[in-house]
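Asker: Protein chains in written order, with my numbering: chain A, 40 to 377; chain B, 40 to 377.
The set of hints was computed from the structure by calculation and includes no laboratory data. There may be inaccurate statements among the hints.
No distinction is drawn between identical chains; accordingly, a pair holds when it is met within one copy or between any pair of copies.
Derived lysine-lysine pairs resembling DSSO-like cross-links, with alpha carbons at most 30 Å apart [claimed, not checked]:
#1 K144 x K286
#2 K356 x K148
#3 K250 x K102
#4 K356 x K218
#5 K218 x K102
#6 K275 x K148
#7 K148 x K358
#8 K358 x K275
#9 K286 x K356
#10 K356 x K102
#11 K356 x K250
#12 K356 x K144
#13 K144 x K358
#14 K148 x K102
#15 K144 x K102
#16 K250 x K275
#17 K148 x K286
#18 K148 x K250
#19 K144 x K218
#20 K275 x K286
#21 K356 x K275
#22 K102 x K286
#23 K286 x K218
Nothing here was measured: the structure is a model prediction, and the numbers come from that model.
Number of protein chains: 2
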Amino acid sequence: MGGDGAPAMVVNGADLARARFPQALFLFFGDAARIRPLLDRLPRLAEVSSVHHTDQVVAAADKPSAALRAGRGSSMRLAIDAVRDGAAAGVVSAGNTGALMAMAKFVLKTMPGIDRPAIASFFPTMRSESVMLDLGANVVCDADNLVQFAVMGEVFARTVLGVLRPTIGLLNVGAEDLKGHEAVREAAAILRSTTLPGVFHGFVEGDDIAKGTVDVVVTDGFTGNVAVKAIEGTAKLYAEFLRHAFKSSLLSRLGYLLARPALNTLRVRTDPRRYNGAIFLGLNGIAVKSHGGTDAFGFSNAIGVTIDMIRHGATDKIKEDFARLTARPPSGAQAASV
Amino acid sequence: MGGDGAPAMVVNGADLARARFPQALFLFFGDAARIRPLLDRLPRLAEVSSVHHTDQVVAAADKPSAALRAGRGSSMRLAIDAVRDGAAAGVVSAGNTGALMAMAKFVLKTMPGIDRPAIASFFPTMRSESVMLDLGANVVCDADNLVQFAVMGEVFARTVLGVLRPTIGLLNVGAEDLKGHEAVREAAAILRSTTLPGVFHGFVEGDDIAKGTVDVVVTDGFTGNVAVKAIEGTAKLYAEFLRHAFKSSLLSRLGYLLARPALNTLRVRTDPRRYNGAIFLGLNGIAVKSHGGTDAFGFSNAIGVTIDMIRHGATDKIKEDFARLTARPPSGAQAASV
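The shape of chain A in the complex, shown without the other chains (with noise of 0.2 Å):
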């Protein structure tokens, strides 16, 4: 029931996504009157969802804590409900951030070794494509955090990315050891003294992320949030500029219309549908974050963001690795004060 154009968006990507993945299984929550006449539409969808009704949503504008009170028989709940006890493999979301990520933090709860959750997501960049967590769960992190999240980004890169050895890079403002705050240097220093199956490069800064220098960038919450919406709105305005320059006489219009298999592809690659699904890693179970304004398309893209994760078993490869970790003694502290 959440995002602008639901739930018909999403009972639509949701077909498109069973024309890609045509072992998965779907389960709607949420009004039935408004879901079922959509599905009756899409017969093959049908064939392989099923309606759970409820008349109770979460609003764009409930707050996390209200919406964890009240909204206990919510569409949100009752679909993270069904992931903790098993009736689904993964939960997809195009309403409230905030509601989700407190309702998928009290039901599914973090993993051990997590303190806590983050969202990461993927974008294209010069070399191919990379993935920026935390983006916004956490506003105020520590070293021990950001560390969690280069642990956790990392397997999403090997995951979802199909990255072998991802390269890590924590955010900073410069490349030297000296710069940042406290927290990005320790939690260098925890990196560098620790083996992970991926490699850390070390510092990585702002131009560096659409540069693709590494797989995973790894920063706190509210650093990682501004970024990431700063990168869109250029994103967009470029677009706009560019959409101008063409109109802006004849020539440039034929000039536009010879071009344009070729603009179609750039726009194709750069298309923020295709990078929508805003994963909450370090929960024990996947959910998925789509963005509210996307439509169908960007919904399926979402869907299989989820079904990657579902597929590579990524929650059990994030605890794996966090177990062995955790096994060994805490040298973290003590690198640091080298």
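Given chain A, put chain B in place with the hints provided.
Answerer: Below, chain B without anything else, positioned relative to chain A:
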């Protein structure tokens, strides 16, 4: 002597600035044996220039503290000393940012009422142009720092960008009052209860930077530095993707040729050299940092920003605003707890 193409880039940049600002006089600090031959080829610039020889330079890799201790006779230091002594109305350098900030702070001193100077820069937006600060001088900031940045940024928008009543936004992870960490929430409370020459808009998010939602975007130096570099990186990524698209087929190459005049307008509009020149605000004197990798055109724009600041008496305006603010009872802390 600072920057990749120095000293030729600096001298040639000064010559471009001379054409735009015929009343300007130029003082060059550095290796006279390298600077004089460059000036000899530019007689009109030579007429309005003087060369102040020193063979000491601050290197790009020097630590700010070391530069401060050992660099008393360096070209950077002598140029800043000239501002303190009234021989120059402002200083521009393409050298080591940290050293320039440390020396400028030490020599020019921070203005009364300001705890820490900030680095500010302006950039193109969907609406026109905006200024953002701090871009890296202060990695950790409290509410008072952010409030001071707001006042300084507002003066910059009035004097350099020519906005009559600038709007000010605090960068945050959401627009609601409860979002963000303590420093931004407290700064918002103070700004809401303070009468500024500008208008406090409230919180803005990362995508508001490119949208141009406000004229002045205020943030801490960590977030600001990451955001501005993330934006630069994204702009380069899109330019690269676009170049690739136009080269991909014969038709798209032809399309490019037809649209070239319009695309050149776009390139000019988004040319980072046009926005070169980061201003150190909050000092008793004008100091501007040029990108080290820029060319003569970029450097001339950093000189242009310096001259704009001088002509509009930006330093005095900031002082006046702070005198007015601090003359009042400190209402900030009380307002924050309302």
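Asker: If a hint holds in the structure, say so; if it does not, say that too.
Answerer: So, going through the hints one by one against the coordinates:
1. K144 x K286: Neither: 48 Å inside a copy, 48 Å across copies.
2. K356 x K148: This pair counts as within: shortest intra-copy Cα distance 17 Å, inter-copy 54 Å.
3. K250 x K102: between (36 Å within a copy, 27 Å between copies)
4. K356 x K218: Classified as neither; 32 Å inside a copy, 32 Å across copies.
5. K218 x K102: Between copies only: 11 Å across chains, 36 Å inside a chain, cut-off 30 Å.
6. K275 x K148: neither (37 Å within a copy, 41 Å between copies)
7. K148 x K358: within (13 Å within a copy, 53 Å between copies)
8. K358 x K275: neither (38 Å within a copy, 38 Å between copies)
9. K286 x K356: neither (50 Å within a copy, 42 Å between copies)
10. K356 x K102: Classified as neither: same-chain Cα gap 32 Å, cross-chain 42 Å, threshold 30 Å.
11. K356 x K250: within (28 Å within a copy, 40 Å between copies)
12. K356 x K144: Intra 19 Å, inter 50 Å, cutoff 30 Å: intra-copy only.
13. K144 x K358: Within one copy only: 16 Å inside, 49 Å across.
14. K148 x K102: Answer is within: at 20 Å inside a copy they meet the 30 Å cutoff, but 46 Å across does not.
15. K144 x K102: within (15 Å within a copy, 44 Å between copies)
16. K250 x K275: both (18 Å within a copy, 9 Å between copies)
17. K148 x K286: Answer is neither; intra-copy 52 Å and inter-copy 51 Å both fail.
18. K148 x K250: neither (35 Å within a copy, 38 Å between copies)
19. K144 x K218: between (33 Å within a copy, 19 Å between copies)
20. K275 x K286: Both, since 17 Å and 22 Å are each at most 30 Å.
21. K356 x K275: neither (36 Å within a copy, 35 Å between copies)
22. K102 x K286: The answer is neither: 43 Å in one copy and 49 Å across copies each exceed 30 Å.
23. K286 x K218: neither (45 Å within a copy, 40 Å between copies)
Taken one by one, the earlier hints fail for this structure at numbers 1, 4, 6, 8, 9, 10, 17, 18, 21, 22, 23, listed in ascending order.
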